[in-house]
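Chemist: Work the whole structure out from these sequences, hints included.
Sequences listed follow chains A and B, in order.
For what it's worth, this note's numbering labels the leading residue of the first sequence as 7, then goes sequentially.
For what it's worth, this note's numbering labels the leading residue of the second sequence as 15, then goes sequentially.
Straight-line Cα separation of at most 30 Å, DSS-like style, residue types lysine-lysine; simulated pairs:
hint, chain 1, residue 1, chain 2, residue 2
1, A, K158, A, K144
2, A, K185, A, K111
3, B, K210, A, K111
4, B, K324, A, K111
5, B, K324, B, K210
6, A, K205, A, K179
Cβ-Cβ distance ranges computed for the label pairs, FRET-style:
hint, chain 1, residue 1, chain 2, residue 2, range
7, A, E73, B, G307, 19 to 29 Å
8, A, I145, B, W19, 55 to 65 Å
9, A, K179, B, W314, 32 to 42 Å
10, A, G173, B, F213, 38 to 48 Å
11, B, G307, A, T209, 18 to 28 Å
Quick look at which bits of chain A chain B covers, simulated, 3 or more residues with Cβ under 8 Å:
hint, segment
12, 43–55
13, 108–116
14, 122–131
15, 247–257
16, 279–288
These aren't lab readings, by the way, just hints derived from the structure by calculation.
Fair warning: this is a prediction, and the values are worked out from it, not measured in the lab.
No residue lacks a Cβ here, since even glycine has one placed at the ideal position from N, Cα and C.
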Amino acid sequence: MAGKTSWGGVSVTQFWLSFGFGLSTASVLAVAAVGLSLQFGVTNYINFAYGDFMALGAFVSYALNNEILHLDIWVAMIGGSLFMGVVAVILNRLLLGPFARRFTKTFYVLIVTFGLSLIMLNLLSAIWGDNVRFYNMKIERVIKVGPMLLTKNQLIVMALSVILMLGVHTMLKTTRLGKSMRAMSDNSTLAMTSGIDTKRITTITWFLSGTMAGLAGTVLGITEGNLTPAAGELFLFVIFAAVIVGGVGSIYGAMAGAVIIGLATEVSAAFINPAYKLDTAFVILILTLLFRPNGVLARTGKA
Amino acid sequence: MSAFWLYVFTLIFFLFDYFILAMGLNIQYGETGILNFAYIGFVAIGAYMTGAVSMPNSVGTGQHYILGLNMPFPFNLLVGGLSAMVVSVLVAFIALRRLRTDYLAMVLISLSLVFYDICNNYVPLFNGADGLYNVPSPLASVLHLTTNSFTVVFALLTGVISLIMWWIMSRITRSPLGRTLRAIRDDDGVAAALGKSVFRYKLTSMMIGSFFAGIGGGLIIQFNTSFNPSAWLPGETFVVFAVIIVGGVSNNIGLLVGSLLVETMLVHLVAFLPAIPGHPGLILNIAAMMIGGLLMVMLWFRPQGIVPEKLRRSPAAVSSVTTPTEYAGIDEGVSHD
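Modeler: Take a look at the structure:
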């Protein structure tokens with residue numbers, strides 16, 4: 007009888023259906039947002055090519071899954087993510103790091119990442135074309151979880167995301183690496199004078215950020231069911247919304263923002279035309295900027 | 015007239031049009047230091063509004079759009095410029111007040127995508143993903159122009175308009191307003207300490223720049239007679255940035271040089287090259303990668319651009335101790351360690 011009750015023309019069943027999708031989107035978003043925030047915290051500039059990092063990771067997974075080796079999608083995903091991690095380290099060493107050290111104003115390095123995004127997008131489109139691609143995976147039966155209907159892949163993605171978040175939390179709080187990263191994020195000069203090898207930490211951070219971008223890109227392709235070179239760039243703006251809503255530079259804020267934005271976009275799609283679901287994220291972003299400009303979980307001094 | 019000359023005049027049109035667009039972004043980025051990653055959105059607003067007011071009432075045209083006033087040239091163009099200006103005021107009040115550079119850039123790039131998303135999906139506004147087409151060519155009926163002679167006349171007209179805009183812009187940049195904007199760019203804390211309202215000046219800069227964006231966009235839609243949402247994804251903003259940075263920040267001659275090198279040569283000249291068989295679009299992909307690469311090389315080896323910013327001296331400060339590069343501001347961000 008639950009289906010009979012409705013508000014705003016949306017039945018309870020529809021609501022829970024979109025809520026399930028929301029959790030799945032939030033899981034993808036959390037991985038992507040934490041990867042972006044880790045790098046932002048340590049290097050103190052936003053990587054505008056992050057969406058294309060996601061797309062590159064997703065397409066390398068696609069190549070491993072469909073073109074060479076024909077690996078299972080989950081194995082291919084690990085390959086694509088690690089590949090993207092290595093590429094991120096190389097890009098930092100050869101391109102972004104030198105620019106960030108040479109120019110004290112963030113302007114320059116931001117424009118360089120914006121340019122890198124243009125190059126990567128066109129590289130992907132030159133190699134794989136602009137046609138929609140699909141991963142080679144089994145059609146899954148839907149599973150009933152409480153009032154929600156989810157596919158097995160969505161459940162795996164959620165579990166993966168939760169494990170990863172717990173992993174990041176443990177790393178930041180208990181390991182020497184995590185403590186060094188937090189120290190650099192607070193004050194990188196002070197961290198350096200305290201004997202932290204900032205160059206090494208930066209390299210590791212880029213590796214983690216790139217790997218998480220590749221992972222997020224691939225799971226986005228898995229949950230959405232398709233991938234295009236521009237998919238990462240369009241998703242980037244949802245990541246920005248999550249990061250700003252949570253508070254820029256805060257890892258836990260990024261997680262909270264991902265849940266808020268993920269649920270809001272998908273649940274609102276049940277009430278309004280789904281074509282505008284991304285604009286919901288933007289409305290929340292603007293409201294946050296107007297009323298709580300430092301984010302829900304604010305960290306002082308970053309805005 | 016041969017196809018060759020038609021093609022040359024198309025290139026001339028884009029040279030002057032992107033000169034106007036570059037001047038608009040330059041007052042925001044080059045003079046004031048606002049990293050406006052949503053710039054192409056303002057170009058699009060100008061283009062759509064110019065198109066929508068100059069087209070006949072939408073009933074019976076097979077397209078859906080607002081207004082439809084049959085407004086003649088150049089009033090339609092002014093409407094385009096002013097609408098972009100009005101939207102920039104709204105954007106400035108939300109985003110420009112207290113966000114630091116990268117926060118602002120994130121919000122603006124998101125805004126750019128939202129503009130795109132709404133215009134692409136909401137058909138009654140500007141015909142959705144199909145975009146506007148059959149936009150009337152200005153002056154064509156008055157001067158009895160054919161499609162070919164229209165290209166020539168309109169390219170030259172755009173040249174004249176860009177010269178007028180150039181004159182206006184150099185008046186602005188030489189005025190006390192321009193000096194204040196550059197002071198804010200170099201150090202907004204100092205400008206604020208001297209009693210300048212940083213937000214008000216940034217707002218003024220956004221408005222002037224967006225007006226130029228709107229005019230440039232209006233000219234594009236009238237030249238092409240159509241405008242499609244996919245023509246203004248955020249990557250297009252990057253092309254305008256490339257024009258400025260390659261040519262020379264805060265130097266109008268430099269912007270013209272940048273427009274010639276980046277927009278005319280790398281964007282439009284390559285579009286006329288024959289496609290590599292079996293790889294449609296590959297040449298355009300390579301050209302776009304070249305723009306990105308060129309910009310990085312320029313930023314590293316010659317951050318002031320091909321034609322650097324001129325040393326501006328007031329008579330009172332002729333014996334200033336600052337060196338030209340420091341004074342020019344663009345090298346100011348380099349740390350010499």
